[in-house]
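Got chain B sorted already, so can you dock chain A onto it with the hints?
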Amino acid sequence: MNILYFLIACSIFLALIFLAAFFWAVKDGQNDDMQTPAMRMLFDDDKPEDS
Amino acid sequence: MKARSGNPTFTHIKFMENQVFTADKCYHCGTEVAGDSYSFDEKQFCCIGCESVYKILSSTNMCSYYVYNDTPGQKQVHSLKHLEYLDEPAIFLKLVDYTDEKVTTVTFYIPAIHCSSCIWLLEHLHKLNQGVVYSRVDFLKKQALISFRHQEISLRCLVELMTSIGYEPLISLQDVVKENQHSVNRGLIQKIAVAGFCMGNVMLLSFPEYLGLSSFEQQFQSLFGWLNLAFSFPVTFYCGREFFVSAWTGLRHKRINLDAPLALIIAVLFLRSSFEIITSTGPGFTDTLTGLVFLLLCGRWVKQRAYYHLSFKRDYRSYFPVAVTVIRGGSEKTMAIEELSIGDRILIRNNEIIPADAILMKGNGLADFSFVTGESAPVQKVLGEIVYAGGRQVGEAIELEVIKPVSQSYLTSLWNNDTFSAKDDETRTFNDTIAKYFSIVTFTIAITAATFWLMASDSSKAWSSFTAVLIVACPCVLALSTPFTLSAVLAIFDKNLFYLKSTNTVEQLARVDTLVFDKTGTITSPEISQFSFSGELNDEERLLAASLARNSMHPLSREILKWGKAAIYYPVTEFFEIPGKGISGIVNQKLVEIGNVSPHGKTDDLKPDSTVIHLKINNVYKGSFRIKQGWRPGLKALFDDLSTNFDIHLLSGDNDVEKNNLALSFPYPDQMEFRQSPHDKMHYIKDLQSMGRNVMMLGDGLNDAGALKQSNLGVAVTDNTNNFSPACDAILNGKSLSRLPAFVKQAKDGVKTIKLSFMIAASYNLIGVYFAVQGELSPLTAAVLMPLSTITILTFTSVATRYYAIKNNLS
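Chains as they are written, first to last, in numbering that gives the first Met the number 0: chain B, 0 to 50; chain A, 0 to 810.
The following block holds chain B by itself, in its conformation from the complex:
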């Protein structure tokens, strides 16, 4: 059962990584604008100049 010590350490460490990732995302401003990216992704790529 001593393996549990290791597993608990692992799980907390993993969870901390995710928490850090979330902090990073918030700092980066990912949650500041929830609307525009959803609309932006529907735009087509720029067509090559055809005239």
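Check before you lean on any hint, since a few could be wrong.
So, partial list: chain A residues that the calculated Cβ filter (under 8 Å) puts toward chain B [stated by the list, open to error]:
1) S63
2) W119
3) Y133
4) D137
5) L139
6) R185
7) L187
8) I188
9) Q189
10) A192
11) F196
12) N200
13) F219
14) L755
Mimicking BS3-like on lysine-lysine, the simulated pairs with C-alpha atoms at most 27 Å apart in a straight line are [as the list claims (entries may be wrong)]:
15) K806/A - K754/A
16) K24/A - K806/A
17) K302/A - K26/B
18) K564/A - K26/B
19) K658/A - K302/A
20) K494/A - K751/A
Derived from the structure by calculation, the hints contain no laboratory data. Each residue gets a CB set at the ideal place from its N, CA and C atoms; glycine is no exception.
What follows is chain A alone, placed relative to chain B:
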């Protein structure tokens, strides 16, 4: 404005069976093409502005703009803006976010942003000009962040480019963009994340304890305990910090707010848990602690409902321009508005705002005070007359001499009043009131229990019962039910086009007993107008007038066109339009003139409540058109409905020509005041408040700003929420004015829901206290009771709020 002449083409005008005049829609903005249509690439445009936008976009291969949405543009209002001031280094530095030798970054507020095409176009600005590095749009805030190389494109050219494609940034004295920054509370989101993370881990580690540990697993018990304690640290000292700060601030001001008992409980939970874990006497209440803080923070987050598309803080500065043209020694110079001083000679062009009280020195003044008073008809000013700040000049350029600095003007001096400098008085909410009694009762029970066990000389029981009572009697439900209920009410109002500044405003609304209405723009609507013609006209002459009006984009011309109801029109030659004066042209070999100059050669503005324009055919006076602002629909019913429960008053800045007319629908004719200055309105509210009334003020223009601020609840009534509205507590769309009684009822029901949920929570707490006084509260009971009562309450509040909404016809 450009005068055009030429033969209109009839090919695009369709006739329906019932002979109603219909036409193609403008490819750019969707307005009906009624007049001379402009066509390009086989597409119809309503005006040269829309056409030129299309030309710019098609020449740069950017017609995808029209692919994402039909008619994504907005009607082009031709106005030649003078943007020289953007070249002034001082103003440039004030506007930009960042600048170095190569690149400059600026954030613009662009009111025209409304669809995905707007995003697409603004984010492809670099295709229109190589100098633009990149641009990013924030749709909800209607902002665009643009980075550009200022050696290739100057700030002024950039603004001109954006204006040319129909996205003119709003640049004003009050920086809307900078005030909007950091409106998202990133700190709170991070705290919720930490609390959630710790709660999850603590729950996991506490689980074996709930199920009972076998002797084999005992070795883990102290490890789990210490880990839990470690997780409680950040929750208490980082996430829970603001509860302690708020409680302390409250106590220093000698009052107990809801955060005081909450902070106490967090502290007690943490102390007792640390004590038990350190002395290995028990598992502690770390699961309750982390769960509590997590839920409380969620409640705070729900409370912070933000409307990005609305601003409740604007004052005259967001409406005034940044700079003005000053004439000194015969040469023109742009100058920042703050630097204007008495005696300066300023030049105001068509569509520019008069920034300070000034005397008209040269030119024909025609000021549109619609932002100030809500009155849409421009007011004629003669030479030597004082023109108050806030008017928008319509027509030719005028010269004025400043007689008061900007901040001391008749209108802007309102903001120097004490009402505006006074800090917002935190009104006591139901929560804060109850928190006091709640704390007293809880303490009494806890101390009684502790004393009882001390008498029985069981000191460990005394300590555990004391702490347990405090833990169980947690007012956390109250801290949750209030934000959840009120934000649900806010969401319902939102759907009905009524926007409140914050959740606390709902409680304010529930307390209102007196309503004060402004007249112009609030109970009258600029969109609903009565149009009439006085004079004799035959069908032929009617057609002549309509044919002439068809060539002009002026709103009054559009009204004449609608009134004409003609199926076909005559071509017009020698068409002239003098902004602010009128239009003229040769129609079917007759000279037709429509304008605001009456047969006596005098400009007619005697009646401020209506606009009069005159018609002359071949120099013979034919009569006049009269446009009067109409009342909003359902006004009488609204007043009747309101007068049963509220005291209502009416204040108007206009003269009393409408008095008798209004008295028919207004239930208290003696509570109508006319010719009220902005300061009068404010003092009127103050007087009502000194009689102990809770006053709600409904106004629209800048002249109501003082009254709106002074009142307990200031509501700005507007027909377009994108438009300017003065600082207020709530913004109401004019269409929903008739729902006002229902809104107040809903707010009252919301407060009732909170009170009911408090009763439910109290009964849960009684069960908990029953265990707690005996010193028998197990961590499991606490951990089960808290989420159970929370879920009950949240279900109850959301169901109750929706039930009331249906009852009030607001769903």
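How the hints compare with the structure:
{"no.": "1", "hint": "S63", "verdict": "holds, 7 Å"}
{"no.": "2", "hint": "W119", "verdict": "holds, 5 Å"}
{"no.": "3", "hint": "Y133", "verdict": "violated, 13 Å"}
{"no.": "4", "hint": "D137", "verdict": "holds, 5 Å"}
{"no.": "5", "hint": "L139", "verdict": "holds, 5 Å"}
{"no.": "6", "hint": "R185", "verdict": "holds, 5 Å"}
{"no.": "7", "hint": "L187", "verdict": "violated, 10 Å"}
{"no.": "8", "hint": "I188", "verdict": "holds, 6 Å"}
{"no.": "9", "hint": "Q189", "verdict": "holds, 6 Å"}
{"no.": "10", "hint": "A192", "verdict": "holds, 5 Å"}
{"no.": "11", "hint": "F196", "verdict": "holds, 5 Å"}
{"no.": "12", "hint": "N200", "verdict": "holds, 7 Å"}
{"no.": "13", "hint": "F219", "verdict": "holds, 7 Å"}
{"no.": "14", "hint": "L755", "verdict": "violated, 33 Å"}
{"no.": "15", "hint": "K806/A - K754/A", "verdict": "holds, 19 Å"}
{"no.": "16", "hint": "K24/A - K806/A", "verdict": "violated, 42 Å"}
{"no.": "17", "hint": "K302/A - K26/B", "verdict": "holds, 22 Å"}
{"no.": "18", "hint": "K564/A - K26/B", "verdict": "violated, 60 Å"}
{"no.": "19", "hint": "K658/A - K302/A", "verdict": "violated, 43 Å"}
{"no.": "20", "hint": "K494/A - K751/A", "verdict": "holds, 21 Å"}
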